[in-house]
Amino acid sequence: MDVSVRELDASSVVSVLKSLYSLILVLVLWEVVTQLGYIHYYFLPPLSDVLARFVELTQSGEMLDNAYLTLKRAFLGLAIASVLGVIVGILSARNRVANWFFDPIIKIGYPVPIIALIPVFMLWFGIGDTSKIIMVAVGTFWPIAVNARDAARQVEQNLVWAARMMGTSDWKLLWRVIMPAAAPGIVTGLQIALPLSLIITFVFEMVAGGGGLGALEIQGVRSFQSTQTYAAIIAIMLVGLALDRSLRVVRGYLLRWT
Amino acid sequence: MSNVSVRSVDAVPAPLLRAGKFLFDWIPLVILTVLWEYASGTAVPAEILPPPTRVVGEIQELIVSGEVYSHLFTSLFRIGVGLGLSIAVGVLLGIGMARLDPVEDFFEVLLALTYPIPKTALVPLAILWLGVGTETAVLIVFLACLLPIVLNAYNAAENVDKNLVWAAKMMGTDGRQLFRKVVIPATIPEILTGVRQAIPIAFIALVSAELIASDEGIGYLILTAGQVGNYPTMFANIVIISAVAFFAVRGYELLRERVLVWT
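Those protein sequence lines, which keep their order, are chains Z and D. According to this note's numbering, the first sequence is numbered sequentially starting from 2. According to this note's numbering, the second sequence is numbered sequentially starting from 188.
To be clear about the criterion: a stretch of chain D counts as covered by chain Z if any three or more of its residues have a C-beta under 8 Å from a C-beta of chain Z, and this derived list gives those stretches:
id	stretch
1	286-294
2	308-318
3	407-415
With a straight-line cut-off of 20 Å between C-alpha atoms, the simulated SDA-like cross-links for lysine to any residue are:
id	chain 1	residue 1	chain 2	residue 2
4	Z	K108	D	A430
5	D	K208	Z	R97
6	Z	K19	D	L287
7	Z	K108	D	F211
8	Z	K108	Z	I88
9	Z	K73	Z	F126
10	Z	K108	D	W213
11	Z	K108	D	V217
12	D	K208	Z	I106
13	D	K349	D	D288
14	Z	K19	D	E291
15	Z	K173	Z	L160
16	Z	K19	D	D288
17	Z	K73	Z	D245
18	Z	K108	D	Y439
19	Z	K108	D	D212
20	Z	K19	D	L297
21	D	K368	D	E345
22	Z	K173	Z	A184
23	Z	K73	Z	I135
24	Z	K108	D	L441
25	Z	K108	D	P239
26	D	K356	D	L287
27	D	K208	Z	A99
28	Z	K108	D	R205
29	Z	K108	Z	I193
30	D	K208	Z	W101
31	Z	K108	D	R437
32	Z	K73	Z	M123
33	Z	K73	Z	G62
From chain Z, some residues computed to sit far from chain D (all C-beta separations above 10 Å):
id	residue
34	Q60
35	F76
36	N96
Hint data in this document are derived by calculation from the structure and do not stem from the laboratory. Virtual Cβ for every residue (Gly too), placed ideally from N, Cα, C.
Given only the sequences and the hints, what does the whole structure look like? Please build it.
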């Protein structure tokens, strides 16, 4: 208690101000310049209007409904990709036949700009939730599989031999030795895949509609309500920040033994 | 006996062995392609999944007729300008933030707030400002590539060997020369790593921008071909942009090995 009070002395206040002044400057400039009418309202509405719109959309429930749609699509796709990616990754790391089979597929599939497949998925599965979820799953599969594979390849052979010598079965070896040892790499893959899942969902929503924050944002452009576009971007930023933070916390918790 | 067997392995020329291994390695893809060829028209309608032969024929046609070049050129131009700008700005910003406190104080909070926003989510905003077309695509590619380059330049400049800096200072190198002669050369390998990370991101950003807001470019071709039901063209263009992305990364890595001979 005492310590925290003592730490709040002048120098720490100065350092906080130092790190925040640019943000405050930008926000104040935004408000002043737009209120004075130097920038056309359509391009950049005043910050206060954007915030008012944000509050309005939040209170009407529209923002939360759309955020829910986006997160549902991103998470379900990510969940499918995690399961398949970890299975394929670990299989190719531990099994020569699986590696022979999957290695060229990963080599070809990983560099494809997966976003380009959105029109294909619209053709195959329509523009509904299913299509978006499968698209996210296909897009995020690659980084998860590659990271899981590379991590499982680097599991120390001594650990495997020691476990084997003590008579550990294949299944137990997987759960007790390989999965924990590969966990940091798997979590890294998830950290790469998470923003990717959001990117795919947003772009799909912008191209095909069907609700979600991406659709809300592009709707603002099409209906000449730029406040809605800016409000949606604020929501996207908040979602991104929250997910990034929580993934770090989860990483710290899952890997607390490292 | 053992001599004989060694010689018999030697008798197969190394390039042939390598070619054999190469072929063996790529058999799974051949299997998949053959499966695709047979599935198309039997298990799934050929309109929905055109057979590979059809797609390859379409690519050939696009190349021979020259139809694809202007779009491909537009896309490459957008990537080139966007990536080039992000390298110029990102290197300056990253090194500046690492070496000068006021620069870091100014940009740190702004970067921290904007980095969780997927840059492709800014396409509608770019449409607001710049309309539909090249400027929007360039802006999105620039923004998307900026962060990996800033981060790598920043980390590299933070960790420049103190001894190098001291030695240069002792010999009377002033601030600007220190930058040009010591800091920037020391950071080049990591900046090139940042660029390597940025190339695939640039392609994702480009295709997103072209799908949502464009009247030209490969992404635009993919979308419109899909909309009018010309599916072989759609698949052909996806293969083309994927191949370009693949060889861009490959070519860059080869080039980097040639350039960075001292590391």
